[in-house]
Amino acid sequence: MKNKEIKSALDYYDVKLPDEDKIESTVLNVINSQRTVKTPELSFKRIIISQISSVKNSFWFFSFLFLIVIVFMYLKIDSEYTTLFLFSTTPFLNIIALPTLFFTFNRERMELEGTCLIKPATVFSAKSVICGALDLILILFAVLISAIVTDVPVLQSAFLGFLGYTSSAFIAMCFSLFFKTQVAMAVTSAIYAVAVSSVFVFEDVANFILNMNFATLSIIFLLFFLLLSGVVYYTKNNYKYERVVFLYGTENI
Amino acid sequence: MELKISNITKKYGDKIAVDNVNVTLENGVCALLGANGSGKTTLMRMIAGVLGNTKGSISLDGRNIEILDSAYRNVLGYLPQNFGCYKDFKVKDFLLYMCALKGLDGKFAKKRCEEMLLKVGLENVSNKKIGALSGGMKQRLGIAQALLNDPTILILDEPTAGLDPKERIRFRNLICELSKDRIIIYATHIVSDISYIADRVLLMKAGRIVADGSTEELLNIVKGKVWSVDIMRNELESYQNKYSVGAISDSKIKDVNVRIVSDVKPDEKAIEALPDLDDVYLYYFGEVAEVENSN
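Just so you know, the sequences run in chain order R and E. Numbering follows the numbering used here, with no gaps: position 179 of the first sequence is 179. Numbering follows the numbering used here, with no gaps: position 277 of the second sequence is 277.
Just so you know, the hints here were simulated from the structure itself, not pulled from any lab data. Idealized CB from N, CA, C, for every residue including glycine. Some hints could be false.
[Said to hold, decoys possible] Below, computed lysine to aspartate or glutamate pairings styled on EDC-like, alpha-carbon distance capped at 16 Å:
1) 22/R / 61/E
2) 240/R / 66/E
3) 55/E / 19/E
4) 56/R / 93/E
5) 269/E / 255/E
6) 225/E / 235/E
[Claimed, not checked] What follows is a list of derived Cβ distance ranges for each label pair:
7) 56/E / 8/R: 32 to 42 Å
8) 11/R / 118/E: 51 to 61 Å
9) 136/R / 7/E: 45 to 55 Å
10) 200/R / 105/E: 25 to 35 Å
11) 10/R / 264/E: 51 to 61 Å
12) 3/R / 206/E: 42 to 52 Å
13) 56/E / 219/R: 44 to 54 Å
14) 15/R / 61/E: 17 to 27 Å
15) 133/R / 105/E: 22 to 32 Å
16) 2/E / 53/R: 14 to 24 Å
17) 206/E / 219/R: 39 to 49 Å
18) 105/E / 190/R: 42 to 52 Å
One chain only, chain R, in its complex shape (with noise of 0.2 Å):
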């Protein structure tokens, strides 16, 4: 039979190609049946719970240095400022993540990184709602500590405490996109400094932002959010070894 008489001969029959998935599997079974190690199935949980222990030991001893000194500062200052002390101090809880976060953000270590089931980015993403969630608990018992101890309404220590840590994590996040982490963490600390030496020098700013009223503060702290939201965001999403390649260059080809 001549090729055009088998192919009218078999255009008789109907194939219905499997879809796409399907297709996949049989391609990943395949290469799995070869293999002593199959194909773990991952949850963002699992990631994240086998992250834990990759924090730096750091991170963990600053916080909870963090924890004693605010309880330690709360029942020994007594001051009508006394709120602000949680606004100055929840910066630093960015500043000690940033390590933990960006300790990826290595040429190398993205090299080898990036290779393995689980991106980089994803290792980030898991990180940042480690930090992001220790710091939560930390800031919500600092406003509790503040809460009880001073006038000032929950509220507004909850919306001051959180404006100083979106507004110092946005000024970290954007540093360390462009910078390696620890002239980010100079620099932040800088600006945090300054920050802090002007809401206690400065009368009038430490009394402006104790004045500021509620919309004002949810606005500033739902702009900063935002920003910081946008960030982390742009940080994921380009958490790869090109990026690491653009800000540090290449040493082989």
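Using the hints provided, position chain E relative to the given structure of chain R.
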């Protein structure tokens, strides 16, 4: 299993690091041989999925690796050229950390780490910090981490750098043992590393694959072009200027014996020699291949 690299090109600005490479790889050891700066590492990074390509595609069994995504990375083992940035980790902790990134579970991960440490002979230093290990030990640790997930595609970029001759032999044996049922891509500029273990050799020059075949096929290319000639020491410079001169050794007849790769017979007294991979390297790159310390 088939890993197909189609028209892959990578540019860094105006510089072309990898230029339109087309290769289909199957199970076995495929050696990527080339001088430093020839584009080996860039090609390896693209195959490993770390680096995006400017043009072209890479597919595993007909499926683009970008679409396979995590499924592809799950079957991948990679040892990069530079592997020295985990100094503060203990050996065992580093492997457990890599297990976590490869999605391996607690108990299974521990068992797997122990197996791999035993396989690469690092079981006695599992509690040492990586910064305290010798270059060879670090390299073995790099190999151990690459094998944690039992990869079906193993990419090794200059894996024997820093290994002593004994470790090199041990490593070659390990690669031979692993090469069954998996694709091993082995980039090196040291010919002796791959002479005995490569099923296929790709020669890379200026971002392009200039020769592709089994060791025998590549040797056939230079068959009849390798010469051995005894010369006086004062003639050496003129030979080096005129021809691609390889090994130089003592001669019983004259001062020195030189090995020359040339399309034409360099001297009437020159004798045709049996080619080896070093000659192939010399033929394509016009320079002497780097040899391991033991030679």
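Right, here's what the structure says about each hint:
1. 22/R / 61/E: Cα-Cα ~14 Å, so holds.
2. 240/R / 66/E: Since the Cα atoms of residue 240/R and residue 66/E sit roughly 14 Å apart, the hinted pair holds (cutoff 16 Å).
3. 55/E / 19/E: Given pair residue 55/E, residue 19/E holds - Cα atoms ~9 Å apart, limit 16 Å.
4. 56/R / 93/E: Holds. Residue 56/R to residue 93/E sits at ~13 Å (cutoff 16 Å).
5. 269/E / 255/E: With a Cα-Cα distance of about 15 Å, the restraint between residue 269/E and residue 255/E holds, given a limit of 16 Å.
6. 225/E / 235/E: Roughly 20 Å between the alpha carbons, so the hint for residue 225/E and residue 235/E is violated.
7. 56/E / 8/R: 32 to 42 Å: holds, 37 Å
8. 11/R / 118/E: 51 to 61 Å: holds, 59 Å
9. 136/R / 7/E: 45 to 55 Å: At 49 Å between Cβs, range holds.
10. 200/R / 105/E: 25 to 35 Å: With Cβ atoms ~50 Å apart, the hint is violated.
11. 10/R / 264/E: 51 to 61 Å: With Cβ atoms ~58 Å apart, the hint holds.
12. 3/R / 206/E: 42 to 52 Å: holds, 43 Å
13. 56/E / 219/R: 44 to 54 Å: holds, 50 Å
14. 15/R / 61/E: 17 to 27 Å: With a Cβ separation near 20 Å, residue 15/R and residue 61/E satisfy 17 to 27 Å, so the hint holds.
15. 133/R / 105/E: 22 to 32 Å: Roughly 23 Å apart at Cβ, these two residues keep to the hinted range, so it holds.
16. 2/E / 53/R: 14 to 24 Å: violated, 38 Å
17. 206/E / 219/R: 39 to 49 Å: Violated - the Cβ-Cβ distance for residue 206/E and residue 219/R, about 59 Å, lies outside 39 to 49 Å.
18. 105/E / 190/R: 42 to 52 Å: holds, 44 Å
This entry does not satisfy hints 6, 10, 16, 17, going by the numbered hints stated previously.
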